[in-house]
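Student: Using the sequences and the hints, build the whole thing.
Okay, here's what each chain looks like letter by letter:
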Amino acid sequence: MADNSKIGVFLCECGRRIAPLVDLKDLAAKLEADPLVDYVAVEPFSCLAPGLDQITKAVEEKGLDRVVIAGCEARVMLKKFQNELAATGLEEGQIDIVNLRGHVAQVSDLSPEEKAAKGFKLIKAVAAGLDALAPSVHEQVEFKGPVMILGGGIATYSAAQELSRREIESIIAVSTDEWEDEIRMLHEHYPGERHYYDRMEAIMRDVDASPFVRRITVGELSSVSGRTGEYLVTFSDPMGGPPRVYEVGAIIAALDGQMLNQGTNFGHDGRTVICHTEAEELLWTKGVPEGQIVFWINDYEAGHPEYAYLASRAAWSMARYMRERSPLTKVTVLYNHQMPVPLSAGERAASRKLGIDWVAYDGALRPTVQAGYVTYCDPEDHTEQEMPWDRLILSPRRSVGQEATKVAHVLGLEHVEGHFLEPHKQRVRPEMVGRAEAFLAGSARYPCDLHEALRQGRRAASKTAEMVEKAQTGELFAPRMVCTVDQSKCIGCGLCKEICDCGGIEPVEGHGGNIPRHVDPMVCTGGGTCAAACPYHALTLQNNTTSQREARVSTLSKELAADEILSFGCAWGGLAAADNAGVKGLKYDPRMYMLRVGCIGQLDPSVMARAFLEGANSLLLIGCPPEDCHHSYGLDHTWSRVNLIKKLLHLCGFDRRRIALAHADLNNPEEYIRTVNSFVNQMADLGPIERNSENLEKLAGLYATVNNARVRWVLGATLRRPWEEIYPGNQRNALAFDRDMMGVVSEEFIKSRVANLLRDTQKPYQLHELANALQAEEKPLMESVREMVGEGLIGRMHKDGKAHYMLRA
Amino acid sequence: MLNLTIDGKKVQAEAGWTLLDTARQHHIEIPTLCYHEAVEPFGACRLCVVELRQGDNSRLVASCVYPAEEGLEVHTMSEKVKNVRRWILEMLLSECPASEAVREMAAEYGVDSTRFEVRNPEEECILCGLCVRACAQVVGANAISTVGRGAQKEIGSPYLIPGEACVACGTCVTVCPTGAMRARFDRVRGVPEVVMAKAGK
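Protein sequence lines, in the order shown, are assigned to chains A and B.
Mapping to this note's numbering: the first sequence position 739 is 739, numbers consecutive.
One rule links them: number in this note's numbering = place in the second sequence (from 1) + 809.
Read the hints as simulated data drawn from the structure, not as lab findings.
Be a bit skeptical, because a hint or two may be false.
[Claimed, not checked] Computed footprint of chain A on chain B; a stretch qualifies when at least three of its residues, placed anywhere within it, have a C-beta under 8 Å from a C-beta of chain A:
| no. | stretch |
| --- | --- |
| 1 | 819-826 |
| 2 | 835-848 |
| 3 | 938-951 |
| 4 | 970-978 |
| 5 | 990-997 |
[What the hints assert, rightly or not] Only part of the chain B face toward chain A is listed, based on derived beta-carbon distances under 7 Å:
| no. | residue |
| --- | --- |
| 6 | 830 |
| 7 | 982 |
| 8 | 983 |
No residue lacks a Cβ here, since even glycine has one placed at the ideal position from N, Cα and C.
Tutor: Below is the structure:
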């Protein structure tokens, strides 16, 4: 890996924007002299056809397998280089970009030589990161088995129809043998859709007759395991037999929400005051009732004005059905005047012709249901009126429903009480989202009418079909920058699954006891905070690993002068703000050195510790604005990690301010500059950490401590999730928890130092000698040393009646 | 290998290079606004015009999209070219007088005022659509487009309300040649939930 990588660096002149400002000749000479770099060239424009031709030629002739482009914004240009250089065999992760223009050339008044020196340090760091890259195998994804559509929602049929149209096999898992039964019960989930039943029936017939669809009648869904391409789906048998297991390639969940009746606060009694589903049942069983029917669209009063549209459409549909069949029925729709009447011009005309009254009431006064009357306030003249009724029909209450919740739980969909299943959308680039929410359809996702539910089904099916078709021609590959689990290191603690927001981490069945995890590469967005949290480093973000980031910081930290600042900027916040500062040519303190990172949450505490160990005196992490992390919680997790480092700096006797987390909005580069200048000045006042042997010993202890599994575990448990009010382990008191954490950190810190000392010196120590060497108090040290002996980390032997401690052989 | 001359200098180009590629490779500067290396050239702003001469005939082409051809005689700074650029810059000054980048470029060509009507002195956008192309080709999000037609045309998300498609990556802000996207960006992405303190502004 390290010794056979061949790194080429291409420096861009970029017209007037780099060449006159940076001494590229000097920079190229420095890079050429560096053993890490195998080839250097200066290109007028690396990104244009002539430059790309040159790079391609160099890669082929010199056998380069890593390329650094020192030009402009990686956020904008990296994709082009990846596409253009793909023919040479360079893959994602093997090309990196240093923003020489925006982070060096344009943003300070340094001389060209000084800028060349700054550029050299940044390029060398990036090259070191590439050097530490172990490219992963390009993993091809295959679909082993048909597509399963489960959950029993009505979108099952539109999804199956779409798949069958594209000649892809599917299994539909439903609870009844006959589709006619489903039409009969459809109004329980989608009332007021009678006008749609003919079309629905046509879809169902189509699916029933299709040779690509297999219909199975199953009981409850009990488990789903595996990953995109190879799932094992288990159902209970409805007849009570053994569980039934299916091997499928993809899963589409069709889930319908539940309609509940309003409570007695709206006068609901189930006979004369009823809800939509009951009204539909009445129409099925008894036919259209006579007399005065009033639909009250009470969604505003029920607290969900957003559902008024659906309720009034359903009411309109039922009202029309009633009037068309029974001239003796009078129908009125009573609605809140804030609600726009959702009828087209044609429908309004039809409504007038049928004699359906639409009566608005003033929303300021809640209508009251009384015997035979609803009182309401007229919005025009503000007098209270009474509306007579024989039957009052209320809007339904909408919820996900128990059954859909159960299925969602088995599928691992996060369900927040009181919310629908609409997946939380991460704001990341489309190519970073494997298949995301594509596989969920129906009104359990969010309240919708039948038409929308069917559309969602078709959409989920066509997204799935796209992948299946790609896989059939062998063109479907897993993204390269996703997490992988080293099964030999994973102990199955489940911390990663708990903090993963994209839902890509799944247990592997059949290992018994501690179940190791694995990652579905088609779901993982490559955020990487899970990898940074793993207590055992079993989870890695491949092609973009913690060891690569450690290589980068250690190289840069060694190069930095005492007053220079090491910094990480996330691609969505800090880095983007720095890029935009460069575009605008804003000047800021040139002592700032920023490295690029996809999400600030990718930074393992070991990367932060490594920086201090290797010579950095300060570290500034710049992420997105608070609560705006594109990978959901990377920023919050980094907050906890920074606090760990602060605690350790304090234990070492260094200033806690040497590490800081900052927030930058990419559209506000001026603010970013204030952040940088303020931090750089603060650090200049602090001065460097003296690199004497005592301090170096402490820093080595600091580094060992953040890699300690116990510390990482406790840290993992503290990682904040925004919705959490209770800390894990029922530790309700944040302060008490932090104190416990401090205790753990101090214990492990001293233990790490003892272990380091014994390993480095390879000789036995008595307790007072240890205390002397580590400048620690004897009493707490004794406790720690005893524990270490007990845990078998170090050995104890007695010489001349005195206890000596040493590394175990 | 193709042989051509640019401003009297004999240069070589490969098939597939544009005139702009070729000129830049040989350190000949041609101004651009709507051009960005990350996306396909579009030829919208016409600032990159160059003159092609063949005997007494001459014509102007946009160098960012015109392919290099054998035997071409290209002039990037002839009077004709400069005249066209001055016209364009003068029109741009009326269109987007607030853009510093446009003003600077105009000043380089000696244009510091415009004879055309200035409709909006605050305007920065030249409607080159670079942000739209970057969003489609670099990000793949297709979150912004030109909205409206003719004189009402502007850049934004559909219906000019923050759209779900936007991932707030800021690529449009970074590539914008005039700095106009900055003011439009919040309307596309929606303002972050927690607005940072605007100290010092």
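Student: Does each hint fit the structure? Answer for all of them.
Tutor: Hint check results:
no.	hint	in the structure
1	819-826	holds (count 4)
2	835-848	holds (count 6)
3	938-951	holds (count 5)
4	970-978	holds (count 5)
5	990-997	holds (count 3)
6	830	holds, 5 Å
7	982	holds, 6 Å
8	983	holds, 5 Å
Of the hints listed earlier, there is not a single one the structure fails to meet.
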